[in-house]
Amino acid sequence: MKRVFTLLIILMVLAASPLFAASVPIMDKDELKSLLGSENLVILDVRTGRDWSTSEFKIKDALRVDGRDLSVAMTYPKDNTFVFYCA
Amino acid sequence: MARPFLISGSISLSWMLSPDALIILGNSVGQSGIMFFTPFAIGLILSILAIVLIHHPAVTLGTGNSFTLLATSTGLLPAMALTLASRLCLVLLLPTGMLVTAGFSFNETFLYWFPNFAFSFLLLGIILSLHLIGNRIALVAQPIFIGLTLCCLLLLCLSGLFGPQELKLMQLESGDKFSLTMPLVFTALLLFLGYDQPSSPPSDSRKNNIWTIVAGFLLLAAWGFVSLQYVPQTKLSNSTIPYIISAREILGQPGRIIMGIAVISGTCGLVNGLFLLSSRSLQQMTDHIFLSSNGSSVLNTRIWQIIFSLFIGIFMATGLAGSEKLNIYMYGALLFWLIMIGMYCFTAASNLQKQQRRGAQYWYLLTAVFPLAAIWLICINPHATTLVVFCFIVLVISSTISTGLIWYHRNKINKSIQDSQGDIS
Numbered sequence: 029m030k031r032v033f034t035l036l037i038i039l040m041v042l043a044a045s046p047l048f049a050a051s052v053p054i055m056d057k058d059e060l061k062s063l064l065g066s067e068n069l070v071i072l073d074v075r076t077g078r079d080w081s082t083s084e085f086k087i088k089d090a091l092r093v094d095g096r097d098l099s100v101a102m103t104y105p106k107d108n109t110f111v112f113y114c115a
Numbered sequence: 002m003a004r005p006f007l008i009s010g011s012i013s014l015s016w017m018l019s020p021d022a023l024i025i026l027g028n029s030v031g032q033s034g035i036m037f038f039t040p041f042a043i044g045l046i047l048s049i050l051a052i053v054l055i056h057h058p059a060v061t062l063g064t065g066n067s068f069t070l071l072a073t074s075t076g077l078l079p080a081m082a083l084t085l086a087s088r089l090c091l092v093l094l095l096p097t098g099m100l101v102t103a104g105f106s107f108n109e110t111f112l113y114w115f116p117n118f119a120f121s122f123l124l125l126g127i128i129l130s131l132h133l134i135g136n137r138i139a140l141v142a143q144p145i146f147i148g149l150t151l152c153c154l155l156l157l158c159l160s161g162l163f164g165p166q167e168l169k170l171m172q173l174e175s176g177d178k179f180s181l182t183m184p185l186v187f188t189a190l191l192l193f194l195g196y197d198q199p200s201s202p203p204s205d206s207r208k209n210n211i212w213t214i215v216a217g218f219l220l221l222a223a224w225g226f227v228s229l230q231y232v233p234q235t236k237l238s239n240s241t242i243p244y245i246i247s248a249r250e251i252l253g254q255p256g257r258i259i260m261g262i263a264v265i266s267g268t269c270g271l272v273n274g275l276f277l278l279s280s281r282s283l284q285q286m287t288d289h290i291f292l293s294s295n296g297s298s299v300l301n302t303r304i305w306q307i308i309f310s311l312f313i314g315i316f317m318a319t320g321l322a323g324s325e326k327l328n329i330y331m332y333g334a335l336l337f338w339l340i341m342i343g344m345y346c347f348t349a350a351s352n353l354q355k356q357q358r359r360g361a362q363y364w365y366l367l368t369a370v371f372p373l374a375a376i377w378l379i380c381i382n383p384h385a386t387t388l389v390v391f392c393f394i395v396l397v398i399s400s401t402i403s404t405g406l407i408w409y410h411r412n413k414i415n416k417s418i419q420d421s422q423g424d425i426s
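Residue numbers (our numbering), protein chains in the order written: chain A, 29 to 115; chain B, 2 to 426.
Just so you know, these hints were derived from the structure itself, not from any lab.
Because the structure is a prediction, the values reported are computed rather than measured.
Mixed in with the good hints, there may be bad ones.
[Claimed, not checked] The list that follows gives simulated cross-link-like pairs (lysine-lysine, DSBU-like), each with its CA atoms no further than 30 angstroms apart:
#1 Lys86/A - Lys57/A
#2 Lys355/B - Lys236/B
#3 Lys326/B - Lys88/A
#4 Lys106/A - Lys88/A
#5 Lys86/A - Lys208/B
#6 Lys61/A - Lys106/A
#7 Lys61/A - Lys86/A
#8 Lys61/A - Lys355/B
#9 Lys236/B - Lys88/A
#10 Lys208/B - Lys326/B
#11 Lys106/A - Lys86/A
#12 Lys61/A - Lys88/A
#13 Lys57/A - Lys106/A
#14 Lys88/A - Lys57/A
#15 Lys57/A - Lys236/B
#16 Lys236/B - Lys86/A
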């Protein structure tokens with residue numbers, strides 16, 4: 029019983045973990061669609077492996093970069109809008 | 002009579018109709034155009050010859066414990082190491098990758114709001130449940146999964162062939178270089194994997210497996226041909242999802258939906274089929290080594306499916322699917338399967354030679370084709386180094402486990418092994 033209880037707590041913490049990332053604004057597809065074509069928009073596709081290869085949706089003009097190395101973002105002016113496509 | 006054939010046939014087709022086999026096919030026809038069908042047919046002939054040899058009535062590989070035959074001809078340690086390497090890599094890595102593919106397919110084709118990862122876990126849970134309810138249920142489900150995939154692909158092929166698109170037989174580009182043919186024959190061999198399991202009744206294994214791969218060949222050839230009619234070759238060869246692109250070009254949105262169903266049911270068929278195939282092989286291995294005095298298995302067959310699901314779940318949860326290396330590892334698993342078939346051919350050929358059958362020595366030529374194909378495919382792979390390192394590590398791990406198991410149970414090892422080895426010497 030104790031083990032089950034511990035497991036439940038771990039699962040709850042894991043499930044709640046996205047809340048800690050709440051400070052990062054999330055953009056839905058309609059919002060992104062309205063921005064497509066604007067000059068200061070930089071879309072970085074940080075999906076890797078099968079997350080990228082088996083997905084049918086690849087945003088046009090998106091830059092595919094390694095999510096652990098975002099140095100490419102430094103090459104753009106800071107006032108640009110950076111959109112990270114991760115799932 | 003028809004049901005055992007359907008079950009064994011659908012297990013044999015589980016890899017052949019899976020999404021990743023469709024990627025290999027799509028990329029290959031994209032690379033060499035209509036020329037691909039020649040190496041594809043050669044691959045079929047070589048695979049049929051392998052079936053004729055492996056399921057030879059005089060070899061009786063299908064009637065008893067195929068691991069016992071493997072162990073008597075190659076030795077216990079190599080047989081164990083290769084069985085562990087081949088079956089575990091297959092059953093752990095291919096489902097990990099393809100469940101993710103099915104998850105994306107469901108998310109992007111059917112329900113945008115449903116998380117792809119949750120769907121992958123849901124499928125894994127459903128397949129594990131089928132096995133936990135009973136092996137019989139899992140066996141009955143297999144023809145349903147593969148039958149659905151087959152129907153979807155057939156529907157798309159027929160729509161493509163009789164659709165509005167004008168057939169452009171003469172316009173097809175062809176990579177008419179001989180240098181292209183050889184690697185493509187070996188690549189084609191990969192597409193037919195799955196015939197190394199006996200069907201029921203075992204005496205029909207040869208006939209059933211031949212019919213199954215011929216049917217698979219015809220369907221894949223038709224799909225490759227239709228894909229070439231609708232999608233430019235360059236696009237097919239470079240795409241990571243050539244099957245979706247072709248389906249979309251053939252029937253638009255309905256085509257995407259049909260292909261989505263084919264991908265999901267094909268993935269279920271692959272995972273279920275590999276669970277059945279691998280657990281059977283591993284069960285035969287453990288039975289051979291640790292058979293209890295009363296002749297019953299020491300391990301419950303269900304334990305294998307639980308272990309497989311646990312590892313696949315861990316792999317998915319720890320992000321292996323997001324790793325660029327997963328595709329390389331999956332390719333390595335297929336190469337191990339190819340080598341395993343080569344070993345089965347060797348076992349059968351040496352058995353025939355022992356029985357002094359006429360022309361038995363010629364079968365060794367066929368035996369050599371499979372390891373040669375694996376070596377060639379490693380050499381031409383752009384990630385050859387990683388592939389070699391992966392295969393080496395897997396072999397070291399499986400050999401270590403095998404040595405440990407043999408040493409730990411050295412006193413309990415089935416007496417029949419020594420008896421059968423004594424007969425040979």
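Hint-by-hint comparison with the structure:
1. Lys86/A - Lys57/A: Given pair Lys86/A, Lys57/A holds - Cα atoms ~12 angstroms apart, limit 30 angstroms.
2. Lys355/B - Lys236/B: violated, 51 angstroms
3. Lys326/B - Lys88/A: Holds, at about 25 angstroms.
4. Lys106/A - Lys88/A: Holds - the C-alpha atoms of Lys88/A and Lys106/A are around 22 angstroms apart, at most 30 angstroms.
5. Lys86/A - Lys208/B: violated, 45 angstroms
6. Lys61/A - Lys106/A: holds, 22 angstroms
7. Lys61/A - Lys86/A: holds, 13 angstroms
8. Lys61/A - Lys355/B: violated, 71 angstroms
9. Lys236/B - Lys88/A: holds, 16 angstroms
10. Lys208/B - Lys326/B: violated, 38 angstroms
11. Lys106/A - Lys86/A: Answer holds: Lys106/A to Lys86/A is near 25 angstroms, not above 30 angstroms.
12. Lys61/A - Lys88/A: Judged against 30 angstroms, a Cα distance of about 11 angstroms means the pair holds.
13. Lys57/A - Lys106/A: holds, 23 angstroms
14. Lys88/A - Lys57/A: The given pair, whose Cα atoms are some 13 angstroms apart, holds under the 30 angstroms limit.
15. Lys57/A - Lys236/B: Measuring from Cα to Cα gives roughly 26 angstroms; hence the hint holds.
16. Lys236/B - Lys86/A: With Cα atoms ~15 angstroms apart, Lys236/B and Lys86/A stay inside 30 angstroms; holds.
Hints 2, 5, 8, 10, counting from the list given before, are not met by this structure.
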